[in-house]
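Novice: Take a look at the letters that make up each chain.
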Amino acid sequence: MTTIQQRDGAPVTGPRPRRRSRLRRMRDDWWIYLFLLPTLVGYGAYTIYPLVASWWYAFLDWPGFAATGTFVGIENFDRLMDDELFWNAFWNSIVFLVISVPLRVGLALALALVLNRKKTPFKGFFRTLFFLPVVTTGAIVGIVFTLLLDASGPVSGALVWSGLTDTPVNFAAEAETSLYSGIAVWVWKWLGITLIYWLAALQTIPADVHEAAMIDGAGAWREFRHVTLPMLVPFLVIITLIDTVAALNVFDLMQTLTAGGPSFSSEVIEIFIFRTAFGATVPQLGYASAAAVLFGLLTMLIAVVQAVGIRWARRRTGSA
Amino acid sequence: MGQHRRDLGRHISRRQLIGTSSAAALAAVLAGCTGGGQSSAGNGGGGGGGKNGPLQWWDQFRPLTDLFEKDLFGAYTKKHPDVEVERRQMPAADLGQALQIARRSNQLPDVHSTAGLGSSTAALVREGWFQPIGGFVDVAGSPVGDLLYDGIHRFDGEIYGFPAFSGRWHEHAPWFNTALLQQAGVDPEEEPATWDDFRAVARRITQGTDDGVFGMVIPMKEPPFLDTLVNKFAMTAGAPGPGGVDWATGEYVLDSQEYVDAVEYLVSLQEDGVIHPASASMGPRDARARWAAGQAAIYPWGPWFIGGLLVDEPEAVERGVGVWHIPTPQTARNFIYEAPQPGTFWVSAESEQPELAAEILLQMTTREFQAELAAAMDVFPALIDVVADADVHPAYARCATYFQEDIRFGPSPEVGNPGVARVNSEMRDVHPNVGEIAQSVLTGSASDIKGELARYNDKLSAERERALKAVQEDGAEVDLNAWVFANWDPNTDYDQTAYGQR
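Quick mapping for you: the protein sequence lines, in order, are chains A and B.
Heads up: the first sequence at position 82 corresponds to 82 in full-length UniProt numbering, and the numbers run straight through without jumps.
Heads up: the second sequence at position 200 corresponds to 200 in full-length UniProt numbering, and the numbers run straight through without jumps.
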């Protein structure tokens with residue numbers, strides 16, 4: 001590399017090149033934008049537009065049979081506040097979330113710890129086995145489990161045979177058990193993908209850290225509690241977030257497994273929205289959109305409260 | 001030429017070449033696509049197949065696929081080789097969703113049924129979904145001309161549709177497996193006429209057959225099935241109908257003793273242990289599959305039962321299938337009330353080939369086609385008398401006879417006053433409805449049948465009041481009297497004359 005120097009040795013600082021205007025840059029580098037265009041069009045059409053549209057629809061009275069709706073302000077939100085079935089679906093979704101996410105994250109971590117051990121035999125086989133349900137379509141899983149969990153199915157049959165229950169149980173079709181059946185099937189179906197996340201996370205922990213803990217005389221539990229777990233916390237946050245989002249997208253499974261019934265006992269918010277938008281005698285697109293928007297807002301509110309709570313707890317315990 | 005190419009290569013850089021090619025490809029893709037991801041070729045801009053494209057036809061009649069392809073479209077296109085018809089068949093619920101989406105994206109087919117839409121055709125006509133066909137073909141002079149009603153097929157003097165099927169049917173004839181009845185020592189000819197007789201027979205079948213076989217199956221997963229079942233049982237107990245309205249006062253009577261009795265009757269069947277224990281997890285098609293597999297002997301479903309079996313489980317028909325009247329509480333039988341059959345197919349307002357659509361539709365009104373329709377054993381054809389001479393299963397023919405004995409046409413408020421359609425469009429669904437209440441009771445999450453029905457009846461009445469007020473403020477001339485039919489005779493059809501004399 002050559003540097004031009006003045007006679008006194010100071011480097012020459014020529015005139016700084018003029019910065020191109022935004023318009024000029026766009027004109028010169030048009031092909032960059034061209035290559036971005038498909039992504040922008042796709043993202044705009046299938047993500048941004050539906051998002052914005054659902055907000056707009058939420059302010060319309062729009063019977064599904066009409067070509068357009070009429071603006072009614074916040075009337076749809078007003079009605080939702082008094083709609084028992086909306087709140088029923090809202091709480092069902094929250095219960096689903098609160099039970100299923102810790103279950104999925106925790107079970108997957110436990111399995112990952114076992115499958116990450118050198119001594120565990122057939123690790124590849126078991127990883128494949130746990131991952132298989134992940135690649136099975138949710139709707140198919142729902143249909144199959146309808147048969148497995150009904151009163152004449154093998155699960156109920158085994159319970160009756162073993163004497164644990166006197167009468168056959170329709171797990172997915174009884175009000176007391178339908179939502180929990182959905183949770184159990186959902187956790188089973190998606191356990192494999194969370195397991196993979198955890199296995200990847202565990203492999204980022206250097207082996208010498210484990211060896212050091214062993215040399216220091218830490219048992220398996222203490223090693224996990226004081227060495228492994230702290231190093232997994234960043235992954236825990238991400239994995240929990242991913243699973244939380246997934247727990248709010250359970251339509252295919254729940255629709256085929258229980259269809260929200262019986263008596264709305266397992267109706268999660270997505271089924272409420274679908275029923276309102278497509279299943280009603282007069283479909284109400286505006287009302288369904290308002291339900292989606294309100295649920296989104298309430299979920300965000302809960303997330304913010306949760307985040308604030310965690311920060312407060314950390315500060316209080318001095319672990320921040 | 002070679003020199004020219006080289007010059008061109010020097011002037012266009014590789015980046016420019018790739019960029020230009022990509023732009024062209026993208027433009028081609030965008031130009032070739034419509035909103036629904038379908039090619040717009042041949043689409044004249046409106047719905048359906050455009051002016052010159054194939055006639056687009058959507059419906060839900062799976063058992064009629066061969067009939068439509070060969071005897072309706074095939075016969076017509078043979079005479080008119082330039083005509084092409086593209087039919088899509090889908091389940092009713094999917095069809096309803098597809099139609100709603102197609103409507104909003106101007107992609108409605110030229111001809112479609114209204115299955116899955118849930119709304120009355122009067123409301124759809126008012127929303128501008130259809131166009132009249134009476135100006136293209138002589139529907140009024142056709143064999144089904146006498147079956148046309150104002151407010152159902154004719155609006156503002158224009159004929160929009162006609163019934164291809166009979167209105168004299170209901171959803172819950174007890175179809176039985178003759179082999180299982182014989183195994184249980186039940187003579188299929190000894191019809192259980194009353195609710196008690198029916199219970200006794202169901203018990204005998206459950207006890208007299210192998211383990212895992214039950215007297216009957218009732219798909220409880222879908223409340224609409226239970227809704228119609230309770231309504232039909234309530235009518236056999238003497239409730240007015242259709243719609244649970246007392247025609248003397250116009251008030252809803254969905255909490256009357258007949259409705260309570262109907263739900264209690266279902267509960268009694270369940271308590272007897274004669275209903276397949278997995279019924280709560282079954283939809284209607286699942287239940288039919290279980291019935292066909294020999295897990296239950298009786299399945300209360302509509303006249304399309306055999307036609308559906310022939311498509312999916314033909315061996316069940318060969319094994320033996322029969323049908324009884326729907327049982328009634330007493331030996332003196334009450335009638336089931338149905339509204340006149342609405343139009344079956346409609347020509348979309350977006351269609352640019354309405355005349356062709358109307359001509360093809362009119363072929364469905366001939367006695368020959370009606371006989372073919374009967375042979376497919378779906379819903380009975382509009383000219384129901386053709387069933388007697390058609391090539392059908394004896395149980396199907398028997399079912400047609402039973403329905404003619406059991407069913408009467410009740411009043412239809414929409415025929416009496418067009419404003420009712422506006423009220424119905426304005427009314428929002430009320431939950432839990434009769435079917436949902438029955439589901440709650442049968443799955444053990446509710447027990448106060450009378451109380452639940454009374455709450456529903458009150459909420460439904462209040463919702464109608466609200467809707468009435470809303471449409472009245474909007475200028476509609478309709479009030480509660482639109483639901484009053486003082487001259488209704490429970491023993492006869494409420495026909496055109498009765499509407500005139502009201």
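In case anyone wonders, no lab produced these hints; they're calculated from the structure.
Any given hint could be a false lead.
Unchecked claim - Chain A is faced by these chain B residues, among others (derived, beta-carbon under 7 Å): (1) PRO91; (2) HIS431; (3) GLN439; (4) ASP493; (5) THR497.
All figures in this text were calculated on a predicted structure; none of them were measured in a lab.
Heads up, the beta-carbon is just placed ideally off N, CA and C, and yes, glycines get one too.
Novice: Each hint: holds or not?
Specialist: Here is how each hint holds up against the structure:
At about 13 Å, the closest approach between the beta carbon of PRO91(B) and any beta carbon in chain A exceeds 7 Å, and the interface hint on this residue is violated. Because the closest C-beta pair between HIS431(B) and chain A is about 6 Å apart, less than 7 Å, the hint holds. Using the Cβ-Cβ criterion of 7 Å, the hint placing GLN439(B) at the interface with chain A is satisfied: the shortest such distance is roughly 5 Å. Hint status for ASP493(B) relative to chain A: violated, with the closest Cβ pair at about 26 Å, above 7 Å.
For THR497(B), the interface hint is violated, the least distance from its beta-carbon to any beta-carbon of chain A being 31 Å, above 7 Å.
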